[in-house]
Amino acid sequence: MTLPRRPAALLAAALAALACAHAPAGPPAAGARAAAAPAAPWWKGAVFYEVFVRSFADSDGDGKGDLRGLTARLDYLNDGDPATPTDLGVDAIWLMPVFASPSYHGYDVTDYLKVNPDYGTEADLDRLVAEAHRRGVRVILDLVLNHTSDQHPWFRESASSRTSPRRDWYVWRQDDPGWTQPWNTSQTTWYRRGGEWYYAIFWSGMPDLNYRNPAVREEAKRIAAHWLAKGVDGFRLDAIRHLIETGPGAGQSGSPENHVFLREFAAAVRAAKPDAVLVGEVWSETDDIARYYGDGKDELQLLFDFPLAKAIVEGVDAGDGGFTAHVLREIAAAYPPGAVDAPFLTNHDQFRVATQLANDAGKLRLAAAILLTLPGAPFVYYGEELGMQNGPGREDEWKRTPMPWDRSEHGGFTTGDPWMPLAPGHESANVAAESGDPGSLLSRYRALVRARKGSAALSRGDAAPLSTPGAALAYLRRGEGETVLVVHNMGAGPLELGDLEAPGAVAEPVFVDAGAALVREAAGWRVTLPARGSGVWRVR
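In my numbering, the protein residues as written are 38 to 577.
One thing to keep in mind: the hints can contain errors.
In silico lysine-lysine, DSBU-like type, Cα no more than 30 Å apart, as pairs [said to hold, decoys possible]:
| no. | residue 1 | residue 2 |
| --- | --- | --- |
| 1 | K81 | K347 |
| 2 | K267 | K490 |
| 3 | K151 | K267 |
| 4 | K347 | K490 |
| 5 | K490 | K151 |
| 6 | K81 | K267 |
Here are the in silico distance ranges between beta carbons for each label pair [said to hold, decoys possible]:
| no. | residue 1 | residue 2 | range |
| --- | --- | --- | --- |
| 7 | P458 | G530 | 36 to 44 Å |
| 8 | P531 | G284 | 49 to 57 Å |
| 9 | E446 | G552 | 52 to 60 Å |
| 10 | D324 | E545 | 35 to 43 Å |
| 11 | D324 | G430 | 31 to 39 Å |
| 12 | R229 | A398 | 31 to 39 Å |
| 13 | P567 | K151 | 18 to 26 Å |
| 14 | R229 | S445 | 26 to 34 Å |
| 15 | E432 | D97 | 43 to 51 Å |
| 16 | A287 | V556 | 51 to 59 Å |
| 17 | P122 | L150 | 36 to 44 Å |
| 18 | A287 | E434 | 30 to 38 Å |
If you are wondering where the hints come from, they were derived from the structure by calculation, not from laboratory data. Note that the structure is a prediction, hence the values are computed from the model and not measured. Note that the Cβ used here is the ideal one computed from N, Cα and C, for glycine as well.
Between the sequences and the hints, there should be enough to build the whole structure, so can you do that?
Following this line, the structure appears as structure tokens:
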């Protein structure tokens with residue numbers, strides 16, 4: 038199904054009409070959130086939660102999570118009352134693909150305007166968005182622009198004939214030029230069908246769309262406008278380095294034409310809904326990621342920070358704060374002024390952080406504290422707040438196993454047989470077991486999110502790393518007239534560190550682990566931290 042074709046000259050007017058007629062100004066605030074809107078955009082400093090709907094909560098016992106199940110569990114994420122300490126307190130949720138697809142993961146779409154029947158109906162998605170908004174929570178959808186399924190009607194029509202009206206909606210040529218995947222030179226990217234070759238950078242079942250074709254560009258904008266008009270608050274854009282290729286190797290990622298289209302797409306999204314957010318997946322180095330903000334931030338508002346995620350996890354594991362401090366300095370040098378980072382620990386394509394850190398409770402608590410005291414808009418992968426481990430295999434399915442709600446056989450996820458077994462350790466790492474335990478990882482995440490929201494500098498300020506020895510990681514957060522000193526002890530033993538060059542003579546605790554202390558001395562601040570402990574103080 039596609040939206041009706043319109044002349045390109047009418048696109049801007051159509052988008053504006055959609056925005057005026059249908060798009061809400063934003064989710065209504067709940068309780069104390071009814072205060073005046075902050076000057077900063079809603080997504081600056083917001084805490085996002087990544088949800089794989091298939092694995093979150095099953096409402097009908099078929100073993101697969103669905104939209105109704107997620108809606109029923111929204112109070113776990115945010116109950117709409119900032120005074121309650123029993124929810125996670127997230128500001129937004131990112132739904133991994135919910136469109137029609139032949140696969141379990143959904144990254145090969147067959148209809149961008151139809152909800153995957155495994156997850157429910159369009160009415161179920163509408164209700165989820167409405168219920169989230171009622172709690173003051175935004176909802177963004179995974180939008181896979183680079184490619185479709187080879188079962189999508191567009192591709193079937195394109196492949197049916199060289200004279201098909203949609204032939205050039207995909208990338209075809211008469212020979213195989215021999216390009217391989219940039220990250221795997223043993224894997225081809227050209228596949229034969231009907232006597233010619235089509236391009237598919239990920240695999241043959243996901244043919245790449247041709248964004249040199251104006252009709253494809255307009256279709257992408259119309260799809261975005263459709264969901265924005267229905268109340269969605271933005272999109273996570275998958276694989277956006279690869280939209281337009283100019284040749285093998287370096288030409289398959291980040292071409293100049295890529296950025297031209299992204300600026301065009303971002304402008305259309307802003308025209309449809311001015312406060313919509315676009316979050317980009319650019320799995321690359323810091324300098325490359327920085328380019329996708331654009332000049333004057335006219336491309337994307339948020340970019341996932343893969344180098345920072347790697348530095349946090351490896352630094353925590355090694356007990357060395359220099360890894361993270363180095364990347365923070367890279368960001369300061371490379372990102373355009375005002376750019377908002379999107380830090381995270383792991384996501385659906387990576388081994389879970391609990392597995393990478395060998396399920397070490399101290400390291401997991403430290404990683405959480407680093408993530409939620411960094412600048413930008415942090416993303417938490419579902420179950421990360423519980424210490425949820427990877428499944429026993431290396432395949433992606435084992436990174437996306439069902440959410441454990443209690444210690445029952447199927448973890449409270451379903452009354453049927455779950456689509457995948459629950460990960461090891463779910464008997465103790467589950468919501469019911471951790472909710473009532475003030476020392477649990479879940480309780481720590483909840484407390485950190487509350488501390489973040491209670492500080493303008495923590496939630497919306499910038500960061501300046503301080504020079505510290507190997508086991509320490511320290512930075513100043515400044516914003517809206519507030520200065521906060523953050524210090525983490527990455528080591529396995531206690532830390533005492535003096536002469537910290539931070540302003541102020543008085544310190545007020547914002548979030549401190551037991552045994553943490555900060556004292557003002559003539560030469561600067563002296564901090565004491567327990568092993569893998571953290572301290573956050575407002576200094577003035």
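Evaluation of the provided hints:
no., hint, in the structure
1, K81 <-> K347, "holds, 22 Å"
2, K267 <-> K490, "holds, 28 Å"
3, K151 <-> K267, "holds, 13 Å"
4, K347 <-> K490, "holds, 25 Å"
5, K490 <-> K151, "violated, 36 Å"
6, K81 <-> K267, "holds, 23 Å"
7, P458 <-> G530: 36 to 44 Å, "holds, 38 Å"
8, P531 <-> G284: 49 to 57 Å, "holds, 55 Å"
9, E446 <-> G552: 52 to 60 Å, "violated, 39 Å"
10, D324 <-> E545: 35 to 43 Å, "holds, 38 Å"
11, D324 <-> G430: 31 to 39 Å, "holds, 35 Å"
12, R229 <-> A398: 31 to 39 Å, "violated, 52 Å"
13, P567 <-> K151: 18 to 26 Å, "violated, 53 Å"
14, R229 <-> S445: 26 to 34 Å, "violated, 50 Å"
15, E432 <-> D97: 43 to 51 Å, "violated, 26 Å"
16, A287 <-> V556: 51 to 59 Å, "holds, 53 Å"
17, P122 <-> L150: 36 to 44 Å, "holds, 40 Å"
18, A287 <-> E434: 30 to 38 Å, "holds, 32 Å"
The structure fails to meet hints 5, 9, 12, 13, 14, 15 from the earlier list, while all remaining hints are met.
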